[in-house]
Each structure stands twice: as C-alpha cells, then as structure tokens.
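Residue strings, one per chain:
2 protein chains.
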Amino acid sequence: MEISRQQFSQKLPEVEKAIKECDFMAIDTELSGEYAHGLHRPPTSVRLYNMADRYQEYKEATERFLIIQFGLCTFTWDEPSGRYIAKPFNFYIFPTSTTGQIQANRVFMTQAQAFDFLTKQSFDFNKWVYQGIPYLTVAEEEVFVAAASKKMSDNMPDIPIDDKEQDFVNEAKLKIKDWIQSDKTAADEGVNITAKNAYQRRLIYQEARKFEGLTAIGMQGFIRVVRLSEKQAQDRQKEKQDKFEKDRASAIGFRKVIDLISQSGKIMVGHNMLLDVCHIVGQFVEPLPETLPEFKALAHRLFPKMADTKYMCTAEPELSAIFGSGTALETLRFETKKEQFKNPHIDMHPGFPRYLTEMAHEAGYDAFMTGSVFLKLVAYLDKTRNPKKYAVIEAQRLAEAEAKEEERQREIQPKVDADGWEISEDEDEDNEESDWNLQEEEVYNYGSVRVDLTNKDGAMDNVLNDINNKTALVRTAFDCFDFQIPEIISNQSNTILVKYSPGTLFDMATAEPLFYEYGKFIIEPNDASSSFVIFESYRNDPAAIQVDNDAFIIVPIAEYLENR
Amino acid sequence: MEISRQQFSQKLPEVEKAIKECDFMAIDTELSGEYAHGLHRPPTSVRLYNMADRYQEYKEATERFLIIQFGLCTFTWDEPSGRYIAKPFNFYIFPTSTTGQIQANRVFMTQAQAFDFLTKQSFDFNKWVYQGIPYLTVAEEEVFVAAASKKMSDNMPDIPIDDKEQDFVNEAKLKIKDWIQSDKTAADEGVNITAKNAYQRRLIYQEARKFEGLTAIGMQGFIRVVRLSEKQAQDRQKEKQDKFEKDRASAIGFRKVIDLISQSGKIMVGHNMLLDVCHIVGQFVEPLPETLPEFKALAHRLFPKMADTKYMCTAEPELSAIFGSGTALETLRFETKKEQFKNPHIDMHPGFPRYLTEMAHEAGYDAFMTGSVFLKLVAYLDKTRNPKKYAVIEAQRLAEAEAKEEERQREIQPKVDADGWEISEDEDEDNEESDWNLQEEEVYNYGSVRVDLTNKDGAMDNVLNDINNKTALVRTAFDCFDFQIPEIISNQSNTILVKYSPGTLFDMATAEPLFYEYGKFIIEPNDASSSFVIFESYRNDPAAIQVDNDAFIIVPIAEYLENR
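These protein sequences, in sequence, are chains B and Y. Position one of the first sequence corresponds to residue 1 (UniProt numbering), numbered consecutively onward. Position one of the second sequence corresponds to residue 1 (UniProt numbering), numbered consecutively onward.
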C-alpha cells in the first residue's frame, strides 16, 4: 500500500492497526545518498574503520542525506489459515515546507550516483517531491507546539503601533467603545473592523483583548469583536484546540509511524540495518548523539528488539553453510523460496495488492522481502535445532489431517434411504452455486507452523539468542554491531592485543613506528592498559609480529580470547 | 524545444545553428536551492552586504547548489517578415554518472523550499533525473581526455601477474608463439585467446604488445591477437579516434552549449542574472575564483556582452518612470505587451511550438520572456531618445507601403482586350488552388523595426551604453554589479566616506565604537586612505554624523561625488 501526503492522515489508522496486530515488522529505507566525497569511501575500497570513527561517519551521513522512501511490512500469524499475512506499506518522504510556516528551511544533500541507482528501479521522483510526507523531529515539534500554544491562548506579546497606523487603531477603539455603549453587546452580532493586512489584524487583536470580556475573531477581510457567552467561549476554545491537534498531527507527519513502531516494542527486522537505524533516529527522532554508547542506548530504547537478516546469515553456522558470502537480500529471497525453507507460508493481505508482482528495491517491497526471509530463516534454524519439537507438531498435524479426511469421507458417502437406494440430489442442482459458496466458507489451511520469535516473557531468546540486537558491520575489527553490549573482536589472524602500563598514550603516532612494516592498521581501544591493533591485509602468523620496544607487549588475539 | 539526454547529440546542431544565426540570446536557470541555513539569509530579511562578502556567498552557493534546468532562447531578425523569430530551448541538467566511469562522484545540495517552489510550476523531477543532460567542466574534461588517451594509445602501465594467473599467461604466450611460427600470420584470422574477466583481458593486452607488430583486439568473451597491415592499423587507429571523440563529446555534454554561447561572443541577456552567471561558470566551466576581480575578469572573458533586464528597468530613467519597483519578469512581460511597446514584433519559430501556451518559470520560457522584454525595452528607449530616426523610418515605410498599394491596385485592374471587353478568367478557375499558393509566397511583413543592439563595430554603445555588462544587485551599497569596472556608490543619504591616513586599519572593530549609535552598517573599502560606511536604515542627514576621533574625517557621499 502506497501512502501519499494527501492520504496520510486518512490511512494512518490502517498503519496503526497493522502494527498493533502484528507478530513483528520489517523495515527498509531508500536514501538520497550514502557516500559524500571525503566523507565516505566508495563501498568497493578496502579500508578498516575504528568503531568510533565509523559511527562518526554514519552520524555525518545522517546529517547530510535523507530517507526519501520508507518501507514497513507487518507480519501477522493467521491461525485459521495456518500462515502469515503480510501488510507492506510504502511511504515517500519529503521535507516539504508547505504544511505551515514553522517548517524549518531544510537543506539536504543528494549523491548523483544514488539517484542514478534509483532510476534503475523506476523510482518516481515526482511522487517523492509532490506526494512525499513531511515530518517534524521531537524538538521541532516542541517549537511548533510552543508557537501554536502561544497563538491559541492569545498570549502574543504586544507589538508597537506604527505612527501611520495610530489613526486606524484609534478609530477601531472608538468603534468598539461605541458598540459597548450601544447596549447591543448581549446580542450575537458584535462589531466588525476591516483590516487591510496582517499587521492591522494583529493590532486589532491586541486592542480588543484590553477590553474586559471581549474576543476578537478573525474573518475573511475583517475582524469581528464580540462578547461571548460562557458556552460560546468554551465551544470556541474547543474548536481552537481541535484545530491545533489536527495541525500538530499533520506537522508531525511521518514521524508518527516511527513513534508507533517504537511504542509497539515489537521485533523490527532489517537487512544490513545499521545505517537505516541511524537515519531513522537522526531524521525523525533527534540528531544522533555525540558518542557511540549514547547512540546505542538511544536506539535500543527506541527499538528494543532488532534483528538483521544479513547478520543472521553470517553469524549462524547452519545459515552461513548454506549462503556463504551470498547474503544480498535478493539472493536470500531467491534461496529461501526453495523446499527446505517451505515453512512458514506467507501471503500478502488481499487489501495490499501492490506487490503481487515483484518490485525489488522499492522500500515497501524490500521490507516485505526482508520480513519474509527472516521468518524463513528463523523457522529453518528452529527446525534444525529442535527436530523433536517439529516431529511432535508434524505428528499432531498428521493426526488432525487424518481425522479431517475421515470426516470428509463420511460426509461424501452417498445418502441411502431405508431400502438402500441412493437419495437423488437432483433437486438441489440449481442451488449449486450457493452450495459452493457455503463450502468456501471453510477456510483453507496452509498447514504451516507459527514461528517462535520470543519466549513467554517476550524475550528473543529462543533461536534468536545469538543475533538479537546485532547488525552486520563490514570493514571493522568486529563481526557485528551490538546495540546492547560492547562488541567482541573475534579470532582473526590479522589482530593482536598490545599491552602497556596504564596511562600510556597509545595512538597512531605511537603505533606507526612499531607496526608500519606489517601494513596498514587501525587501533581499537580495549581497556586502560591495552588496545587491539588490526591490520588491513596481514595474513601471516600474528605471533611473529615483534616490536623493538619493551614498553609494549604483544599478545596474539587467539591467546587473548583463550584467557578471557 | 525540450532536449533530453537521449536526444542531446542529435539535437546539438540545431542549438549550434540557432546560436550562429541569432542577433542575441537570453538565458535563465532553475536551481536546486539558493539559501542554505547559515549561508544565505532568506530574501525578505533586510541586510546590507559588503561586495566581497556577497561574492563569497554566491561562490559558496555555486559550490553547493546545482542548475537543474537551463533555458536558452535565441532571437533572430527576419527581414522578409519584418519581425524577430525566437527559438527557445529547455534543457534539464543532471550530473548523471551513467555515461562513463570517469564521472566524478558528485554530491550536491537541495533546499526543500526550492523544490516546493518548483512543484507550483509543475517541474518534472522524473525528467530531471531520468532525462537530464550530464556535463564535465574544463578540468574534468582534461582528466577524461588524459585517461582515454592513455587507453587509446595502448599506453597502460604493466600490472603484476598474479601467481594464480601465471599458467594462464604462459599458455596464452605459447599460443601466440605457435601461431607466429605457423606462418599464418599474414592471413586475416589471427589467434583467439579466451579471457574470463577484465584482469585476464588486461594481461593479454600487455603480453601481446611485447610481440613486435602484433595487436590485441578485444572481442566478446575473448581477445584476438592479429598482425595488422599498415592500412588495417590506420583504420583501426581512426576507428579508435572516432570513438574517443564521440565519448568525449558525450561526456562534455551540456557544457558544449555554454561553450557555443561563449564562443559566439553575442549579447547574452538575463533577468537579475548575476547568480545565474555565477552558477553557469561554476558548474560548467570551472570553480569560481577566490576573489571578486578574478571572477569579473573570467565572466567577462566568457560572456563579453551581457545585459540584465531587471537592471535596465531601474537604471534607465524612462523605464523606471514606467515600471517603478515592479520589475519582476512576469510584470515586465505583461507591461511590455501594451501599445507603447508594440515594436518589434516577435514570433516563435514554427519548429518550436512548446511555448505557444505560456509556461512561466520553465527556464526555456523564462528565457523567451526575458529576451522578448529586452527587445521591447531597447526598442522603446531607442525610439524615445531618437524620435527623428524613427520618423525617418516611419516615413520610409509609409512610402513603401503606398508604392506597394499602387502596384497592387494596378494589378487588380480588370484586364480588357483591345475592344475594351473584360477578358474572362473562367478558364483559370480550376487552377485556383495553385494560384492561392503562389499568392502565399509573398511573405506577410509585420512591419516592425529591427532594434539597434550594437554599433558597426559590434559594441553595445547605442542605447545600451549605460547598462551593458551590469546586473541588478540588491542589498549592497551599489546600484548594480559591474563586470567591467569597479562599481560606483551612488548618492544616497545612508552613506558617508570616512578618510584616514594611508595605512590606518579601518575595519569593523575600528568603526563599531565610532558609528554604533547610527545603527547597523557595513564598510566598503574605497582606496588606501578611505572607506565608505553604509548604514542599513539611517535616513537622516549624513552631514550630521559626527565622530569623537580626529583621525577620521567624515565626508557626506554627495560631497564626495561632486568632487570626483
């Protein structure tokens, strides 16, 4: 389902319902760019990143580039039909300033190559600019609310009256006084004052409120000053409040969807999702914090249960045995259509027909693929690891199916009368159609098995224990990015631990003379008296690395991990 | 005429022809943004700029934002029909990288408000990204040529042979040697070597060239090593050269249009065109130079004859009397449709029907409007200032028209035979159609007068003397921006000259204590011993400004201008 700017408020309840009812959801984003010259290196270039540096680059990217399309796909188990029902939503996002004067003057970057790439997938740039949904971050919303509240409570500061307007103001005041003294103030009519521009309107408002009990109401071309009854004043206040809430919701715009995802606390799946998460937080919630630990805490608080399909395929031995290095989303989608990934059955909800034909790389479809792959992978892992559990399920299903078949056989036995003759059903023949409908009311059951995503307490500790809240992360010393705990450097031959006295400065300037002969490297701090040194292309025995300085002790990574 | 990426090479000759034949041309641009947060202030905010600061902001803008649509309209006097014929071209510009791997990784900024503004004019963002024409600056072209030349002359450096590929290379060398010894080398066939990837292909090239007189030719999936005859070698070289020239032209892309405009040396008209000129130079020719004088020299060298319709309307007293402050392009277009601006008549060329209905704010149409307004304004000025010249022209035209009418009257006199009877032309009646065509061959003359844009030497010193190579420039101390000479500060009551001993430092820190009581101001350096001080809103007598410091002498601007 594609949701445009115009339809957004109207369709939001459908999104809300889908998130409320679902077992989990998957997301995907399309960006206006990823690699700015001098900011990111192109993805093909080999380079190792220190984790903190990497975060800084992602943070900078979120400040420059935009999510221009967001895909959300919810997956809900449907017991009667024995399958998952998917609801994919596709949103174009554009920071339009047409919804109100409070919208900041937003400037963003575009990488021409990113747009070139999007043309290959028929991305609709007109839909993006003309139909893209705007948004406010939390802080921007606060500014909006403060300004609107001030206006609503008629709490605007007085502005000075220009010499040229003094006559206009005096005349208006006189008109109001005349009207008060005319004894008609109890009636509904009030007094109308014509104002030529916004400045004159503002002046009338500030003069009117100086009269006890009078209210100025803006009309087309003039302002009506009236004395409202208590009931009228209440109605007017409510009307203003309603309009304010509507304007606020419209200004918050797409962030509402992110709020709903976050508030649900449900599993959010992505494919190589770290950059997506950075952009979602930075663009819709708040600018990314200064340090990596702060970011982790914030992201984990917003999205407490994340899973990354790309990381799963490299981290889980049963999966990496199947996929090897072929972990692109489309590859996984293709591979998981095979027999061994048959369970569970997944169908699109009939109200979401947009992706009945494939539309790879539209964010909504990519979210659907990601969630589908996730279900297949988790089901496969669970079955592989818990064959007994599935044997029981299978036996149970078989028994049920047999019982059903027996029942069916009984029902299609020819009906015989007392003498053993078949009772003709000819008289029912012209009712065939209605019979067919009745039979259809029995829901077809695809017989697939619901996947255990969480335990009874809602924790992802069934088969997801090793991968939850971790994402893929290439070109660092780490196998993954971990939203909850510090990442661990794995046993790789290009890494050593360098020990030194606590307080010793160990930076690139210190390390360069010691290790330059072994090639390019990065330093990843460990604790107060040690750091990891990871070489970009050193493939020999790290035990052979020697330094000509007694202040530094070298421990091969394997030895370090053994002793932990 | 809208020219897309695919049609560009094919349509370029039409653009070239239009520029070659025209009297002058007008241009317009649409940008991805103008005002970045913290870079430019929004146009409504009052602030004076020092000229050098202003240039720095424009320079920064050209480095951030892009021309995304370019309009060019040529105007050519057509003597037989007594009118100008306009050819408007509209180009979408997008820095795509699909035309070759040499295209830089371009990143640019977009201001959301600028795109919002473009939606109001139905800007087609899909045409922009999918059909926009790419370009290379002069420096980028040099990089392209160097890389391509190296490849063409087979002058690539040898690359090391990977251990894994050593067998492959040995086998290939053996195959070549066998073929040389087989005595078939004179024949056309050559020897084919299958290569699996780009690396293997490269290795074959570098091995083949080690054999005297052999040439390796890339084919689909394999490389053919042959001994070319002298004629074959020449043909091959020519083929390569042709392909190189084609690739080069395609990579230069839209810059070719800018080159053609520049090479023509003809008048280029814009409306409030300074920012356009900055972007044209910065995006298509070379990054804007560090200093304002360098920029002026560069821009004047590229476009030696510029005229700005907005500036004309404020600078020429006869025009400012008519237009006042209403100098927006559409206002001028509307006003110059009135009777007093009847001359000259301007029509679209029949091959350019896109703007027969108006399409304001599409760059091609805005260029057409700008050029049309320009012709009307110049014609009006000329007629107002040289009434005698136009009286002569009018008299001459009247005489010609009378002569023509007499001729026509003579021709429609009934033909009589010797006896005075009319000769019936009945026999000609079935030839009516061909007669009609013959009559049509006489071109209708709109009777408008060609505008004197330049004198016999091509200089713009007829009516354009005061405005040539100047553009409008608001929010500075100057009435205009001048591409040729330093701008003059005009007689305005908010400006004073401050004199001091040569070498005295006179900057904001010096000036602030002296002048803060008169409001915000800027300093515009004049010479070694004086600077202008221009107040943002001081409207009293500048002679009343006093400073408590003998080192600085204050001269009201009027006094300064009188003594010059």
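Derived from the structure by calculation, the hints contain no laboratory data. It is possible that some hints are incorrect.
Stated by the list, open to error - With a straight-line Cα cutoff of 35 Å, these simulated DSBU-like cross-link-like pairs (lysine-lysine) come out:
{"no.": "1", "chain 1": "B", "residue 1": "K173", "chain 2": "Y", "residue 2": "K164"}
{"no.": "2", "chain 1": "Y", "residue 1": "K164", "chain 2": "B", "residue 2": "K59"}
{"no.": "3", "chain 1": "Y", "residue 1": "K151", "chain 2": "B", "residue 2": "K127"}
{"no.": "4", "chain 1": "B", "residue 1": "K256", "chain 2": "Y", "residue 2": "K11"}
{"no.": "5", "chain 1": "B", "residue 1": "K127", "chain 2": "Y", "residue 2": "K127"}
{"no.": "6", "chain 1": "Y", "residue 1": "K120", "chain 2": "B", "residue 2": "K520"}
{"no.": "7", "chain 1": "B", "residue 1": "K127", "chain 2": "Y", "residue 2": "K11"}
{"no.": "8", "chain 1": "Y", "residue 1": "K151", "chain 2": "B", "residue 2": "K151"}
{"no.": "9", "chain 1": "B", "residue 1": "K11", "chain 2": "Y", "residue 2": "K164"}
{"no.": "10", "chain 1": "Y", "residue 1": "K59", "chain 2": "B", "residue 2": "K127"}
{"no.": "11", "chain 1": "Y", "residue 1": "K164", "chain 2": "B", "residue 2": "K175"}
{"no.": "12", "chain 1": "B", "residue 1": "K120", "chain 2": "Y", "residue 2": "K196"}
{"no.": "13", "chain 1": "Y", "residue 1": "K520", "chain 2": "B", "residue 2": "K150"}
{"no.": "14", "chain 1": "Y", "residue 1": "K120", "chain 2": "B", "residue 2": "K243"}
{"no.": "15", "chain 1": "Y", "residue 1": "K120", "chain 2": "B", "residue 2": "K120"}
{"no.": "16", "chain 1": "B", "residue 1": "K520", "chain 2": "Y", "residue 2": "K150"}
{"no.": "17", "chain 1": "B", "residue 1": "K120", "chain 2": "Y", "residue 2": "K151"}
{"no.": "18", "chain 1": "B", "residue 1": "K337", "chain 2": "Y", "residue 2": "K120"}
{"no.": "19", "chain 1": "Y", "residue 1": "K120", "chain 2": "B", "residue 2": "K240"}
{"no.": "20", "chain 1": "B", "residue 1": "K120", "chain 2": "Y", "residue 2": "K127"}
{"no.": "21", "chain 1": "Y", "residue 1": "K120", "chain 2": "B", "residue 2": "K59"}
{"no.": "22", "chain 1": "Y", "residue 1": "K520", "chain 2": "B", "residue 2": "K120"}
{"no.": "23", "chain 1": "Y", "residue 1": "K337", "chain 2": "B", "residue 2": "K196"}
{"no.": "24", "chain 1": "Y", "residue 1": "K337", "chain 2": "B", "residue 2": "K120"}
{"no.": "25", "chain 1": "Y", "residue 1": "K120", "chain 2": "B", "residue 2": "K256"}
{"no.": "26", "chain 1": "B", "residue 1": "K196", "chain 2": "Y", "residue 2": "K520"}
Claimed, not checked - Negatives, chain Y to chain B, calculated, CB over 10 Å:
{"no.": "27", "residue": "D116"}
{"no.": "28", "residue": "M348"}
{"no.": "29", "residue": "N465"}
Stated by the list, open to error - Every beta carbon over 10 Å from chain Y, so not counted as near; a handful from chain B, in silico:
{"no.": "30", "residue": "R106"}
{"no.": "31", "residue": "Q237"}
{"no.": "32", "residue": "L329"}
Beta carbons: idealized from backbone N, C-alpha and C, even for Gly.
Hints, one by one, checked against the model:
| no. | hint | verdict |
| --- | --- | --- |
| 1 | K173/B <-> K164/Y | 95 Å, violated |
| 2 | K164/Y <-> K59/B | 41 Å, violated |
| 3 | K151/Y <-> K127/B | 42 Å, violated |
| 4 | K256/B <-> K11/Y | 49 Å, violated |
| 5 | K127/B <-> K127/Y | 13 Å, holds |
| 6 | K120/Y <-> K520/B | 53 Å, violated |
| 7 | K127/B <-> K11/Y | 30 Å, holds |
| 8 | K151/Y <-> K151/B | 68 Å, violated |
| 9 | K11/B <-> K164/Y | 59 Å, violated |
| 10 | K59/Y <-> K127/B | 32 Å, holds |
| 11 | K164/Y <-> K175/B | 98 Å, violated |
| 12 | K120/B <-> K196/Y | 27 Å, holds |
| 13 | K520/Y <-> K150/B | 31 Å, holds |
| 14 | K120/Y <-> K243/B | 26 Å, holds |
| 15 | K120/Y <-> K120/B | 27 Å, holds |
| 16 | K520/B <-> K150/Y | 30 Å, holds |
| 17 | K120/B <-> K151/Y | 29 Å, holds |
| 18 | K337/B <-> K120/Y | 46 Å, violated |
| 19 | K120/Y <-> K240/B | 30 Å, holds |
| 20 | K120/B <-> K127/Y | 14 Å, holds |
| 21 | K120/Y <-> K59/B | 34 Å, holds |
| 22 | K520/Y <-> K120/B | 53 Å, violated |
| 23 | K337/Y <-> K196/B | 31 Å, holds |
| 24 | K337/Y <-> K120/B | 46 Å, violated |
| 25 | K120/Y <-> K256/B | 27 Å, holds |
| 26 | K196/B <-> K520/Y | 31 Å, holds |
| 27 | D116 | 5 Å, violated |
| 28 | M348 | 27 Å, holds |
| 29 | N465 | 41 Å, holds |
| 30 | R106 | 4 Å, violated |
| 31 | Q237 | 33 Å, holds |
| 32 | L329 | 23 Å, holds |
Of the hints listed earlier, those the structure fails to meet are numbers 1, 2, 3, 4, 6, 8, 9, 11, 18, 22, 24, 27, 30, in rising order.
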